[in-house]
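**Student:** All chains should be built: construct the whole structure from the sequences, respecting the hints.
Sequences listed follow chains A and B, in order. Residue numbers for the first sequence follow this note's numbering, beginning at 1 and rising by one. Residue numbers for the second sequence follow this note's numbering, beginning at 1 and rising by one.
Please note: incorrect hints may appear among the correct ones.
[What the hints assert, rightly or not] Taking lysine to aspartate or glutamate and the EDC-like style, the derived pairs with C-alpha atoms no more than 16 Å apart in a straight line are:
{"hint": "1", "chain 1": "A", "residue 1": "Lys-394", "chain 2": "A", "residue 2": "Asp-306"}
{"hint": "2", "chain 1": "B", "residue 1": "Lys-120", "chain 2": "B", "residue 2": "Glu-87"}
{"hint": "3", "chain 1": "A", "residue 1": "Lys-120", "chain 2": "A", "residue 2": "Asp-186"}
{"hint": "4", "chain 1": "A", "residue 1": "Lys-248", "chain 2": "B", "residue 2": "Glu-96"}
{"hint": "5", "chain 1": "A", "residue 1": "Lys-331", "chain 2": "A", "residue 2": "Asp-242"}
{"hint": "6", "chain 1": "A", "residue 1": "Lys-254", "chain 2": "B", "residue 2": "Asp-56"}
[Unchecked claim] From the structure, some residues in chain B lie toward chain A, with a derived Cβ separation under 10 Å:
{"hint": "7", "residue": "Phe-50"}
{"hint": "8", "residue": "Leu-52"}
{"hint": "9", "residue": "Thr-64"}
{"hint": "10", "residue": "Lys-66"}
{"hint": "11", "residue": "Gly-67"}
{"hint": "12", "residue": "Leu-69"}
{"hint": "13", "residue": "Ala-72"}
{"hint": "14", "residue": "Pro-75"}
{"hint": "15", "residue": "Pro-101"}
{"hint": "16", "residue": "Leu-105"}
Calculated directly from the structure, the hints in this document are not laboratory data. Glycine included, C-beta positions come from ideal geometry on N, C-alpha and C.
If you want the building blocks of each chain, they are given just below.
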Amino acid sequence: MRGIGSRWMYRSWLLAACLIWPLVQGCAPLRGSGDMGVVIERASGSVEVVETTHKTVLSRVEGMGDLSHASLVYSRDGRFGFVFGRDGGLSKVDLLTGQLVGRVMQSGNSIGGAISQDGKLVAVANYEPGGVRIFDAETLRQVADIPAIGANGRASKVVGLEDSTDGRFVFSLFDSDEIWVADVKDPAKPVITKFTKIGSKPYDALISPDGRHYIAGLFGEDGFALLDLWHLEAGVKRILPDYGHGEKRTAVYKMPHLEGWGMTEDLLFLPAMGRHEVLIVERAGWREVGRVPVVGQPVFVMAQPDGRRIWVNFAHPDNGHLQVIDVPTRKVIQSLQPGPAVMHMEFTPRGEHVWVSVRDGDRVEVYDTATFERIATLPATKPSGIFFTSRAHKIGL
Amino acid sequence: MGRTGTRRDGAGFGRRAWIGLGVWMGALAVVSSGWAAGETIPPARQMELFHLLRQDCGSCHGMTLKGGLGPALLPGNLAGKPADLLEDIVYHGLPERAMPPWEGLLTRQEIRWLVERLIKGEVP
Chain A
1 MRGIGSRWMY RSWLLAACLI WPLVQGCAPL RGSGDMGVVI ERASGSVEVV ETTHKTVLSR
61 VEGMGDLSHA SLVYSRDGRF GFVFGRDGGL SKVDLLTGQL VGRVMQSGNS IGGAISQDGK
121 LVAVANYEPG GVRIFDAETL RQVADIPAIG ANGRASKVVG LEDSTDGRFV FSLFDSDEIW
181 VADVKDPAKP VITKFTKIGS KPYDALISPD GRHYIAGLFG EDGFALLDLW HLEAGVKRIL
241 PDYGHGEKRT AVYKMPHLEG WGMTEDLLFL PAMGRHEVLI VERAGWREVG RVPVVGQPVF
301 VMAQPDGRRI WVNFAHPDNG HLQVIDVPTR KVIQSLQPGP AVMHMEFTPR GEHVWVSVRD
361 GDRVEVYDTA TFERIATLPA TKPSGIFFTS RAHKIGL
Chain B
1 MGRTGTRRDG AGFGRRAWIG LGVWMGALAV VSSGWAAGET IPPARQMELF HLLRQDCGSC
61 HGMTLKGGLG PALLPGNLAG KPADLLEDIV YHGLPERAMP PWEGLLTRQE IRWLVERLIK
121 GEVP
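**Tutor:** Okay, structure coming up:
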């Protein structure tokens, strides 16, 4: 009888707690955010807040405008996501409560952003009117405005905005072939170092996980532009200047994205522009050491956290495919067809699973990275980018 | 093209059917007003073309067609630009400006139809 009595007592307490606690903070169980993430629903201006331990959707947050091509960075505590919308909206989402807690329309048309090393500043790259705007991460108050007027006198679209170390952001000017390094240690007085004639039409960029090497992809010519942020005085160098061998490239129906990191300990895997190839670069010396033929034009070329395999998705009309390159043998070892329009992949923090957004299938597929088995499917409305909170602690993500 | 949503998604299909009805009515109106290009593009293909326009052209021009790496494609942005010129640009591309040619993926007739829709702002 005592057993029943104590269970009854327990239930009473639980009932009481659930009646009163909601008044305090919504009866949500206390939890960490390390296994959480966000799936962008590009067509409906909403995001799903997800968790990767049980692979479920926790909440849905709406009201973020045009999220086509949206991306996201995290606060250093992994609680807040800063969502960069296509329409210039910058939104702050609280993952733990599933609430939109801040939003500013900061430009007419933006392409992405970054958060500073100390987590205090959020920077946004803009197409219209161009330039970079910087906001206080706490309040979303604008603290700096950096118009991108190129050496040619024209306002330029800004692409490839990355955070580095030492209070610096780095970005490229699509319309004037430049890379700028903005030192915003004092946000009221940004100090800009400009590099001109870096190569024709930089379209996106990545920064190495140590924040040292900034690499911009070029649309207007073959090759990439490399800047060593430890040695600004050495200037921008061109790498892989002739990967197309002057051949006519096939038409590009979607620009590759570089920010996903195809970087392993000693190699860097890059999408070739307008070619059905992934380029392999040796990080010591930045020379091409090989290339892997793939099924289409690569968009994201992303290394598993263990660096053992590279996952690649593709541009229209091959965007139903996903291929996996084995790093030691440099060969495609797996080809998957997750569904129509594979937009993005994101690895769980230690890489045992990969989440794949299938836009036109209105779903997210989860694969085991060791067996390539599909282990879960989550519904999502026109999903695109997937971003897990483990990004909070990585430079450049 | 294999690009449309799967049928087991009940909500998606319902919405498609709804939009499809709209396109049928739009096509009827167009035919009755004497414009002929839409006549021979089946409604199902018209839906695929609208989807392609928003999702794939949208990669550069924005899903809402307000522009991105490529220029905005709203009626106000296209005003004064001859339809033939726009059609040629879509068909042949502008290699210097990152616009790919759609020759081989779309027919001339489909491109003309899409250009007309863009100029008139008739994109669902």
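**Student:** Which hints from the list above does the structure break, by number from lowest to highest?
**Tutor:** 5, 7 and 14
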